[in-house]
Amino acid sequence: MTWPAVELDPIQRVEVLAAALPGTVVHRSEFDQDLATFWSWISDLERSVPAFDSDVSSLQILSIEGANLRIRARGPWWMAFAPIRFDVRLEEGFCWMTSRLYVVGMGAVDHDGRTIFAHCEGVHLAGPSWLRRVLRPVFWLSRFRHHRHVRSDLAGMRRALANG
Amino acid sequence: MERLLGELMPYLGRICGAIALDRGDDALQDTMMAILTHIGDLREPAAVRGWARRIAVREAVRHAKGDRSEATDPAAFELDVAAMDFATDTDVRAVLAGLPVEARTVLVLRHLEGLTEVETAALLSIKVGTVKSRTSRARSTFRARWTS
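Residue numbers (my numbering), protein chains in the order written: chain W, 1 to 164; chain G, 165 to 312.
Simulated from the structure, these hints should not be mistaken for lab results.
Mixed in with the good hints, there may be bad ones.
These stretches of chain G come out as covered by chain W in the derived footprint (C-beta under 8 Å, 3 or more residues) [said to hold, decoys possible]:
(1) 173 to 182
(2) 186 to 199
(3) 256 to 269
Example chain W residues on the side facing chain G (calculated, C-beta under 10 Å, incomplete) [said to hold, decoys possible]:
(4) Ala5
(5) Leu17
(6) Trp130
(7) Leu131
Beta-carbon label-pair distances, calculated as ranges [stated by the list, open to error]:
(8) W:Ser129 / G:Tyr175: 23 to 31 Å
(9) G:Ala286 / W:Leu141: 41 to 49 Å
(10) W:Arg70 / G:His202: 28 to 36 Å
(11) W:Ser29 / G:His202: 25 to 33 Å
(12) W:Ser29 / G:Pro209: 35 to 43 Å
(13) W:Ser58 / G:His202: 36 to 44 Å
(14) G:Glu208 / W:Leu141: 31 to 39 Å
(15) W:Gly66 / G:Pro209: 20 to 28 Å
Ideal Cβ positions, reconstructed from N, Cα and C, are used throughout, including at glycine.
So that you can see chain W by itself, here it is in the shape it has in the complex (with noise of 0.2 Å):
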């Protein structure tokens, strides 16, 4: 006897994830791509994050264990100082991407044969509920910040597709 069970599809894990964390916003875009071929492009971070985030220069994976990664991000010339270490939990579909103050989540599901895409950014701090209000101020505000830097990089990647 097998007792019916229900699961969170990979963009409904990113939003679930970004609605608990006030300074992170998401959006959703859809692309022309197959889920194949835009996961199998986006997934290979190295090339593809540098390619539509204007604020990262380069990516490098540090360590794979499974789906668990560690990469180190680079930012800009003037940035390059201080490079980013993320954990990356990588499945098919969904990406989760964390460094102390910084996350990166996202998401993407079949759509009759394009690709229905879930991208969050944003500050991130875990802790308790009085600290995240005081907070809230500080992680509303960035979220314009967040807003625009998002809506940037769902442009980068529809230009680096559209170049192969």
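With chain W's structure known, arrange chain G on it following the hints.
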């Protein structure tokens, strides 16, 4: 946070799926949002599983009751046998769908979760006698439906 989501999702997905059925994914999404939003307030991290289960049951019942075709009044706890889909009589989901949400919830907590009557009563904020009567009726209907 992502790890917590990954660890809890299969467990809570069974509870939400069995109680809320077609609305299970919405219930699971709201459950996970509530858990991740309030996890920092949990005083005893070791109690996370029981705490998460309580939230999942609450959200699953809430979503299941959002379906107006469900019997939601415990006083009117009568099984609509005619509404059951007898063409899929080996399907647990179809059997569960023929039960009111109160019966599904008790069955899930007593048989899937293995809670005692007292624990089930405490989790649902109802009397132990009510748990007993609901369990008895749900079991007999489930058994009859399952073996028909």
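Consistency of the hints with the structure:
{"no.": "1", "hint": "173 to 182", "result": "holds (count 7)"}
{"no.": "2", "hint": "186 to 199", "result": "holds (count 7)"}
{"no.": "3", "hint": "256 to 269", "result": "holds (count 3)"}
{"no.": "4", "hint": "Ala5", "result": "holds, 4 Å"}
{"no.": "5", "hint": "Leu17", "result": "holds, 6 Å"}
{"no.": "6", "hint": "Trp130", "result": "holds, 9 Å"}
{"no.": "7", "hint": "Leu131", "result": "holds, 8 Å"}
{"no.": "8", "hint": "W:Ser129 / G:Tyr175: 23 to 31 Å", "result": "holds, 24 Å"}
{"no.": "9", "hint": "G:Ala286 / W:Leu141: 41 to 49 Å", "result": "holds, 43 Å"}
{"no.": "10", "hint": "W:Arg70 / G:His202: 28 to 36 Å", "result": "holds, 29 Å"}
{"no.": "11", "hint": "W:Ser29 / G:His202: 25 to 33 Å", "result": "holds, 30 Å"}
{"no.": "12", "hint": "W:Ser29 / G:Pro209: 35 to 43 Å", "result": "holds, 37 Å"}
{"no.": "13", "hint": "W:Ser58 / G:His202: 36 to 44 Å", "result": "holds, 38 Å"}
{"no.": "14", "hint": "G:Glu208 / W:Leu141: 31 to 39 Å", "result": "holds, 34 Å"}
{"no.": "15", "hint": "W:Gly66 / G:Pro209: 20 to 28 Å", "result": "holds, 25 Å"}
The structure meets every hint from the earlier list without exception.
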